[in-house]
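**Q** One letter stands for each residue in the lines below.
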Amino acid sequence: AQSVTQPDIHITVSEGASLELRCNYSYGATPYLFWYVQSPGQGLQLLLKYFSGDTLVQGIKGFEAEFKRSQSSFNLRKPSVHWSDAAEYFCAVIFSGGYNKLIFGAGTRLAVHP
Amino acid sequence: DVKVTQSSRYLVKRTGEKVFLECVQDMDHENMFWYRQDPGLGLRLIYFSYDVKMKEKGDIPEGYSVSREKKERFSLILESASTNQTSMYLCASSSLPTGISSGNEQFFGPGTRLTVL
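Protein sequences, first through last, are from chains A and B.
Residue numbers for the first sequence follow our numbering, beginning at 1 and rising by one.
Residue numbers for the second sequence follow our numbering, beginning at 1 and rising by one.
Quick caveat, the hints were computed from the structure, so don't treat them as lab data.
Heads up, simulated SDA-like pairs for lysine to any residue below, C-alpha to C-alpha not over 20 Å straight-line:
| id | chain 1 | residue 1 | chain 2 | residue 2 |
| --- | --- | --- | --- | --- |
| 1 | B | LYS13 | B | THR115 |
| 2 | B | LYS55 | B | ARG44 |
| 3 | A | LYS49 | B | GLY42 |
| 4 | B | LYS3 | A | LEU48 |
| 5 | A | LYS101 | B | GLU56 |
| 6 | A | LYS49 | A | THR108 |
| 7 | B | LYS57 | A | SER3 |
| 8 | A | LYS68 | A | PRO7 |
| 9 | A | LYS101 | B | LYS55 |
| 10 | A | LYS101 | B | LYS71 |
| 11 | B | LYS3 | A | PRO40 |
| 12 | B | LYS18 | B | SER65 |
| 13 | A | LYS49 | A | SER39 |
Computed from a predicted structure; not experimentally measured.
This is chain B alone, in the form it adopts within the complex (with noise of 0.2 Å):
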């Protein structure tokens, strides 16, 4: 089975404060992704990398920031955090699309959940 983890369930930070998300997973995929998720709003991408040190902006990536130093590992920063970034983080993982019958599915971790007091 593939494997997504995130190194937190629950994370309680303050403002100002630098977090760092860690995302693992151990299927070998090439392209990893960060969303958060708020009610209302469904999931919205902050980031995705299609390969190590490759990084994209997804549709908010305005005060985050990502890491892709190993083909594994998919890290999410907030330089400076702030209260309207208190959400749920959840982070994927997919392989590259090789044709119209490839496994285009993402695979998702269990969420972390921060709060920015």
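This is chain A alone, in the form it adopts within the complex (with noise of 0.2 Å):
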């Protein structure tokens, strides 16, 4: 079955530590990759996403991720933690094509400590 893997409920880091957060996928074909965050009380918003050409993408508020066709991984990471970077983030794939549907994993909790 088609499924999206978040090894890490949750991660507390310090502020101005570096971040990265595990995302790994099943399916055999180059999927489409998303990262959303999601503040307390807020919707998703997109961090990122990869379609295809470069491997390593930038996305808003510093982050970036390296999708790993070898390892089915996509992981996101920022060199430098801010503490508004507290929040819960979403790694989500859509698996083939026709009506975007979206699978998401289970989502990891950030904590970021002064």
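Two chains, two frames, a set of hints: combine them into the complex.
**A** In structure tokens:
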């Protein structure tokens, strides 16, 4: 079955530290890949997306993600975390064409210590 | 900016009530989606619609129905609310995919937190 795995349910980092959130998906063909962020009480906001081309994708708020086909991964990174980055992060995948059906991971909740 | 609005941020209903959740988007998007979000499960697709009066079941359609009479409005209906439908409900919309570089991004509303007592 098509699935998206975010292995880390909770992550805590210190402000200014680097961050990497993991995402793995099941499927052979190259999917469309997304990272969304949800701040407390808010809807989801798109951080970045990958469809094709350069496997290192830059997004908003200083985030980037790298698509690694061999590992079926699309990990999200930020070199220096700010307190305002505390939120829940969702990896999502469109596995096949038509209707834009997104499959979401379970999410990673990020806490930032001052 | 794309705007997706949902009729209520918080809703409290009783078991057995019929519940309507409304979603409106202002970007003339063809696709609209309803998800529920539960801790540890991420977002799960309930129903989606790719055109007016068209609907498709998602992964967890049981206990729900939808209505799309106008392009900009997509309603989620709980025919007889139950306590296990207490959840956060998120609506989203997107344009049709037109190619590899097209914007298949889904735009989300702020969510409705529904409590069924």
